[in-house]
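S.K.: All chains, please: the whole structure from these sequences, using the hints.
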Amino acid sequence: MAGGGFDSAESSGSSRGKKKYHKGKKLGVRIDMTPMVDVIMLLLTFFMLTTTLATPQVMQINLPKGEETDKVKVDMGNVLFIRVSGAGNIYFSLGKSDGSEMLPERIPFENLRKTLESYFASNPNLLMLIKFDRKMKYNNMVDILDEINRAKIERKYSFLPMEEIDIQIVTAAGG
Amino acid sequence: MKKARSIKKPGINIDMTPLVDVIMLLLTFFMLTATFKAADSEAIEVSLPKSVNTDSTRLPENDIMTLTLTNTGDIFLDVDNYNVRKDVFGNEFAIGLYHPDSTSQSEFLTTGKIGDKEFKREVIPMNKAQFEKYINDLRLNLINRTEGKQDFRIVVKGDKDTDFGVVEDLMKSLKETKNTRFALVTDLKSATLE
Numbered sequence: 001m002a003g004g005g006f007d008s009a010e011s012s013g014s015s016r017g018k019k020k021y022h023k024g025k026k027l028g029v030r031i032d033m034t035p036m037v038d039v040i041m042l043l044l045t046f047f048m049l050t051t052t053l054a055t056p057q058v059m060q061i062n063l064p065k066g067e068e069t070d071k072v073k074v075d076m077g078n079v080l081f082i083r084v085s086g087a088g089n090i091y092f093s094l095g096k097s098d099g100s101e102m103l104p105e106r107i108p109f110e111n112l113r114k115t116l117e118s119y120f121a122s123n124p125n126l127l128m129l130i131k132f133d134r135k136m137k138y139n140n141m142v143d144i145l146d147e148i149n150r151a152k153i154e155r156k157y158s159f160l161p162m163e164e165i166d167i168q169i170v171t172a173a174g175g
Numbered sequence: 001m002k003k004a005r006s007i008k009k010p011g012i013n014i015d016m017t018p019l020v021d022v023i024m025l026l027l028t029f030f031m032l033t034a035t036f037k038a039a040d041s042e043a044i045e046v047s048l049p050k051s052v053n054t055d056s057t058r059l060p061e062n063d064i065m066t067l068t069l070t071n072t073g074d075i076f077l078d079v080d081n082y083n084v085r086k087d088v089f090g091n092e093f094a095i096g097l098y099h100p101d102s103t104s105q106s107e108f109l110t111t112g113k114i115g116d117k118e119f120k121r122e123v124i125p126m127n128k129a130q131f132e133k134y135i136n137d138l139r140l141n142l143i144n145r146t147e148g149k150q151d152f153r154i155v156v157k158g159d160k161d162t163d164f165g166v167v168e169d170l171m172k173s174l175k176e177t178k179n180t181r182f183a184l185v186t187d188l189k190s191a192t193l194e
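One line per chain: the protein sequences are A and B, in this order. Here the first sequence stands for residues 1 to 175, where the numbers follow the working numbering. Here the second sequence stands for residues 1 to 194, where the numbers follow the working numbering.
By construction, these hints were calculated from the structure, which means they are not laboratory data. Positions of the beta carbon are idealized from the N, C-alpha and C atoms, including for glycine. Don't take each hint at face value.
Counterexamples of contact, computed for chain A against chain B with all Cβ distances above 12 Å [said to hold, decoys possible]: (1) G95; (2) E105; (3) A173.
Calculated cross-link-like contacts (lysine to any residue; reagent style SDA-like; alpha-carbon spacing at most 25 Å) [said to hold, decoys possible]: (4) A:K156 with B:E168; (5) A:K65 with B:I64; (6) A:K73 with B:T180; (7) B:K160 with A:E163; (8) B:K175 with A:I148; (9) A:K156 with B:A183; (10) A:K135 with B:K50; (11) B:K172 with A:V74; (12) A:K135 with B:I64; (13) A:K156 with B:L188; (14) A:K135 with B:A129; (15) A:K131 with A:I144.
Have a look at the derived ranges for each label pair, beta carbon to beta carbon [what the hints assert, rightly or not]: (16) B:R145 with A:G77: 48 to 56 Å; (17) A:N62 with B:K113: 31 to 39 Å; (18) B:D21 with A:K65: 34 to 42 Å.
M.R.: See below:
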């Protein structure tokens, strides 16, 4: 293709032009690329086989820096308790300003993000206190934190140990 | 010379230049993106949980302190700097083992295996106090070694069937050693659940 274009542009006499072109090619240095290609192919195969492309991603967790004894006063009206039972069921209950809290409501995992967003729409200053049962699986924890991260809310949460009373609340609500 | 040329001429000449170009590009790509499997072949395999996580960051490439949680509740403490391992553990191939749950036995200490795999590195069993001391010592060692330029990033690699109790104990230990920033390793999940 390129040769044809070259020919017509070079001269009107087709036979002369062809000859000239041919002669020019012959004078050039010809390097045999086959050994190089062999080596490169080997290298390529090596790198393709030894790479792991899917590097795992990470989820950042920041725990509060304070000492265990440092007490932070929180208005109970701004607290949302999230309790997760050993079976992985999620229960929300809002705190009341007088220190008590509302009855726990079971939230299916599929609705977790929407529910969180609607809770935060009505009170943007909510602080999530998350209590996971020790028998729950790590997978549930990652799933729930992931949903909290994905929800369009200000992420203020802290982990609290699940105590006997929490287990009672969760069991009373269905376990 | 002349003879060789006359033999060569009748053969078909394939121009390899475009092929070489493409292969070179591929080679460069793979060389630049390569992270070797060999580097973590000594690590313990766990099935990671999946997450969508929109503000995801990638795992840092070096200076990682890995805490691997197996589904039987063993925590393995490892760093990727073998000089630090040699200084702190006394053996450059050693790895720490902490089993926070006192009601059950460590799988590795009873069977000598992780899952059903043999594990060849030297394992140092630790209790809670030793575990927390080792976390501090490992970090201090790297900080002193590099005159404060480098520090370990803590990465938690949990099996998805690990009990949360183990994670809770680990978080407590991390908090007590003032390591409040750490990262959970997850696999990428496509955001299908909308």
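S.K.: Next step is simple, just say for each hint if it's right about the structure.
M.R.: Hints and how they fare:
Separation of G95 of chain A from chain B is adequate, the least Cβ-Cβ distance of about 22 Å exceeding the 12 Å criterion. With a minimum CB-CB distance of about 21 Å to chain B, E105 of chain A clears the 12 Å threshold, and the non-interface call stands. With a least CB separation of 19 Å from chain B, A173 of chain A remains clear of the 12 Å interface cut-off, as annotated. For the hint pairing K156 of chain A with E168 of chain B, the CA-to-CA distance comes to about 19 Å; that is within 25 Å, so the pair holds.
Annotation: proposed proximity of K65 of chain A to I64 of chain B holds, straight-line Cα distance about 21 Å (limit 25 Å). For the hint linking K73 of chain A to T180 of chain B, the alpha-carbon distance of about 21 Å falls within 25 Å, and the restraint holds. At roughly 23 Å between alpha-carbon atoms, K160 of chain B and E163 of chain A fall within 25 Å of each other, so this suggested pair holds. Taking the CA atoms of K175 of chain B and I148 of chain A, the gap is about 22 Å. The hint holds against a cut of 25 Å.
Our distance criterion of 25 Å between C-alpha atoms is met by K156 of chain A and A183 of chain B, whose separation comes to about 17 Å. With a C-alpha separation of about 20 Å, the suggested pairing of K135 of chain A with K50 of chain B holds against the 25 Å cut-off. For a cut-off of 25 Å, the pair hint linking K172 of chain B to V74 of chain A stands: about 22 Å separates their Cα positions. Proximity of K135 of chain A to I64 of chain B is assessed by CA-CA distance (about 29 Å); at most 25 Å being required, the pair is judged violated.
For a cut-off of 25 Å, the pair hint linking K156 of chain A to L188 of chain B stands: about 24 Å separates their Cα positions. For the given pair, K135 of chain A sits about 24 Å from A129 of chain B by alpha-carbon distance, which is consistent with the 25 Å threshold. Pair hint K131 of chain A plus I144 of chain A holds up; C-alpha atoms about 12 Å apart against a cutoff of 25 Å. Checked against the hint of 48 to 56 Å, the C-beta distance between R145 of chain B and G77 of chain A comes to roughly 51 Å, which is consistent with it.
Distance hint for N62 of chain A and K113 of chain B: a CB-CB separation of about 35 Å, consistent with the stated range 31 to 39 Å. As the Cβ distance of D21 of chain B to K65 of chain A is approximately 55 Å, the hint placing it in 34 to 42 Å is violated.
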